[in-house]
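> All chains should be modelled from the sequences, with the hints used to inform the complete structure.
For the sequence shown, position 476 (counting from the first letter as 1) is numbered 476 according to the working numbering, and the numbering increases by one without interruption.
Source of the hints: derived by calculation from the structure; they are not laboratory data.
There could be a bad hint or two in this list.
[What the hints assert, rightly or not] Pairwise CB distance ranges (calculated): (1) S496 - A357: 48 to 56 Å; (2) P513 - D95: 38 to 46 Å; (3) L224 - H343: 28 to 36 Å; (4) D127 - P249: 23 to 31 Å; (5) N161 - S64: 17 to 25 Å; (6) M523 - P360: 54 to 62 Å; (7) A235 - N161: 14 to 22 Å; (8) D127 - T103: 21 to 29 Å; (9) A237 - P441: 22 to 30 Å; (10) E336 - Q477: 43 to 51 Å; (11) A235 - P360: 42 to 50 Å.
[What the hints assert, rightly or not] Here are the computed lysine to aspartate or glutamate pairs in the EDC-like style, where the Cα-Cα straight-line distance is at most 16 Å: (12) K243 - D152; (13) K584 - E557; (14) K318 - D264.
Owing to the predicted nature of the structure, the values given are computational and were not obtained by experimental measurement.
No residue lacks a Cβ here, since even glycine has one placed at the ideal position from N, Cα and C.
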Amino acid sequence: MRTGLARFGRGHKAGIQARRAAIAAAVTVALASPFGAVGIAQATPAAVSLPAPTQAASGATVTSVDWLSDRRVALWIESPSMGTPIQVQLLLARDWNLNPQETFPSVWMLDGLRATDMESGWTAETDAESYFADKNVNVVLPVGGQSSFYSDWVDQDNGKNYQWETFLTKELPPILESSWRTNQTRGVVGLSMGGTAAMFLAARNQGFFKFAGSLSGMLTTTTLGMPQAIQYAMADAGGFDSKAMWGAPTNDLWAQHDPYLLADQLEGVSLYVSSGNGAAGPYDAPSGIPGVSSNYAGMGLEILSRLTSQTFATKLNKLGIPAQVNYRPSGTHSWEYWQFELHQLWPQLANALGVEADKPACSATGAIGNASGANSWLGDCLTPEYNVAGGRAQDFRFGRVFFSPDTGAQVVAGAIGGNYQGSGGPAGPLGFPKTGEFGTPDGRGRANAFQNGMVYFTPQTGAHALRGAILDEWARQGYENGPLGYPVLDEVATPSKPGAVQGFEIGAMYFSPDLGTHSVQGMILGKYGQLGWENGSLGFPKSSELGPIKDGGRFNEFEGGNIYWSPVTGAWAIRNGEIFDAWKSVGYEGGRLGYITSDQFDMNGGGVQQNFQFGIITVKDGKVTIAP
1 MRTGLARFGR
11 GHKAGIQARR
21 AAIAAAVTVA
31 LASPFGAVGI
41 AQATPAAVSL
51 PAPTQAASGA
61 TVTSVDWLSD
71 RRVALWIESP
81 SMGTPIQVQL
91 LLARDWNLNP
101 QETFPSVWML
111 DGLRATDMES
121 GWTAETDAES
131 YFADKNVNVV
141 LPVGGQSSFY
151 SDWVDQDNGK
161 NYQWETFLTK
171 ELPPILESSW
181 RTNQTRGVVG
191 LSMGGTAAMF
201 LAARNQGFFK
211 FAGSLSGMLT
221 TTTLGMPQAI
231 QYAMADAGGF
241 DSKAMWGAPT
251 NDLWAQHDPY
261 LLADQLEGVS
271 LYVSSGNGAA
281 GPYDAPSGIP
291 GVSSNYAGMG
301 LEILSRLTSQ
311 TFATKLNKLG
321 IPAQVNYRPS
331 GTHSWEYWQF
341 ELHQLWPQLA
351 NALGVEADKP
361 ACSATGAIGN
371 ASGANSWLGD
381 CLTPEYNVAG
391 GRAQDFRFGR
401 VFFSPDTGAQ
411 VVAGAIGGNY
421 QGSGGPAGPL
431 GFPKTGEFGT
441 PDGRGRANAF
451 QNGMVYFTPQ
461 TGAHALRGAI
471 LDEWARQGYE
481 NGPLGYPVLD
491 EVATPSKPGA
501 VQGFEIGAMY
511 FSPDLGTHSV
521 QGMILGKYGQ
531 LGWENGSLGF
541 PKSSELGPIK
551 DGGRFNEFEG
561 GNIYWSPVTG
571 AWAIRNGEIF
581 DAWKSVGYEG
591 GRLGYITSDQ
601 FDMNGGGVQQ
611 NFQFGIITVK
621 DGKVTIAP
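Written out as structure tokens, the structure is:
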């Protein structure tokens, strides 16, 4: 076991989308094959029961599940109404691992006008992830929807087909309830655009939410000047046209999404409304003018929020509908105030959802206590110890500690913890951790060792497990300092033949029961893909890349032939058979024909031909000809 134990560094917030883009780029080059589900060809199979890609009754389909940590998950959901994949992240409830049969209420967190497709502003800009770690609710974080107001639009705009209300209220709930242990007790909290949406979604879908919180929301959409203000804000945040959303301001859809006009439909919902007044507050950078923040846009938006929130709250009071209203004495339209308000509203939200506001007492003792004490960054305990397959575990704010008699107590956390959780934890193919997290010798990555494999992480590639024959061959080639670099995908089964494949930064590693484990990389891998991967004429690789040979060339051997590459000629395949034998007879690439310059092709009039640097080989009517 290589050494280098080092303190854990959390990394999943440092570029989820960038990591996916890097992986996608590598896969485009290296792994365009239609690979199947996670493979178990390399190691002893283990039964794993975890949420998998599923189709909900609504028609929405979960196409990918990315475990970003042991309790933060990204779901990629194909939305029938929007016709595109939508990312929804979940922060799983405190007792998710402690009570695996329990279902949990949910808190839906809606973003602002400048929502990105990378991750929710709530996790990117606030402490929501760590704050909710000790709360016994599943937190639902829709990702994307810039300037959408989380509504169904009448027309497409900027390449977006926004149908957010349908997605959130019809397509998403069956997925959460069937696969992610989420019950129908829900609350919603939104900021700015999301605050507006929180109120009208609760009103338009009566009974769907038990709590609705607006933080700096625009709580009337139809009063004098508001459609124009919304149009200006949407144009500034992504160049969207409000007419594509609800039509012209005279269209009745504006009234149908106005929290003020819908206020009477909020009876029975626990309501929370807050806003600042636009003046510089404790979290604002001063501009040099007393009471004026340098966040000029945020000043104007917060003033607008205060005015509309007051109008909305007055309407609620007249209707006799109770609401907790918090008008801050200062503050602009910015994340620090929304984080503050999230903490303030939690007791009311917890009461509405029927969960305890405070974390139950717990302590860490024995071997697990010693491990957590030696890793103070884990934070406080969230649960007592509980049984897992063959051992014990305990959850902490920033990770978990696992114990078995054979491995002792070891810490697993962050993206590595997510990969481990996604594969089944101790009951999965990796078994128990044998080490805590340590730094790799190149200083770029992190890893944990497990009974049956390793999990490696870098910010660029994410966290991926290696095990069995693929791990052994990768280690023989030099680990991450070898020719393949770090893994960019987990192992998957080859779809039509017994075997497995795993993608790396610079190529792929193939395993077959008959031929063992071999790597294919670079342009040779690209040519292999063009010819159909292992299902093509070449079959599985019989060797890793060999060379250098003449002029710096390299080649791989396969069941059905070889692929040769040189800097001058590129990569070309030659199949086993008469042409290969003829080329061999004149000295391969070192002979008079030189390197291959084409794949084998059919000739007009019958027969086959293959081109080389200095000649051709043909086979016709059983006769092999080498020319010149």
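> Does each hint hold? Answer for all of them.
Going through the hints against the structure:
For the hinted restraint 48 to 56 Å between S496 and A357, the CB-CB distance of approximately 54 Å keeps it satisfied. As the Cβ distance of P513 to D95 is approximately 42 Å, the hint placing it in 38 to 46 Å holds. Look at L224 against H343: about 35 Å separates their beta carbons, and that is inside 28 to 36 Å. Under the hint 23 to 31 Å, the C-beta atoms of D127 and P249, about 38 Å apart, miss the expected range.
Checked against the hint of 17 to 25 Å, the pair N161 and S64 passes, with Cβ atoms roughly 20 Å apart. The beta-carbon spacing between M523 and P360, approximately 58 Å, falls within the hinted interval of 54 to 62 Å. Between A235 and N161 the beta carbon distance is about 19 Å. The supplied range of 14 to 22 Å therefore holds. Under the hint 21 to 29 Å, the C-beta atoms of D127 and T103, about 26 Å apart, fit the expected range.
At about 45 Å, the beta-carbon gap between A237 and P441 misses the expected band of 22 to 30 Å. The hinted range of 43 to 51 Å is satisfied by E336 and Q477, whose Cβ atoms lie roughly 49 Å apart. The supplied range of 42 to 50 Å is met by A235 and P360, whose beta-carbon atoms lie about 49 Å from each other. Proposed proximity of K243 and D152 is supported: the alpha carbons are some 12 Å apart, at most 16 Å.
Simply put, K584 and E557 have alpha-carbon atoms about 14 Å apart, close enough for the 16 Å limit, and the pair holds. Distance hint between K318 and D264 is fulfilled; the C-alpha atoms sit about 10 Å from each other, no more than 16 Å.
When the structure is compared with the earlier hints, violations turn up for hints 4 and 9 and for no others.
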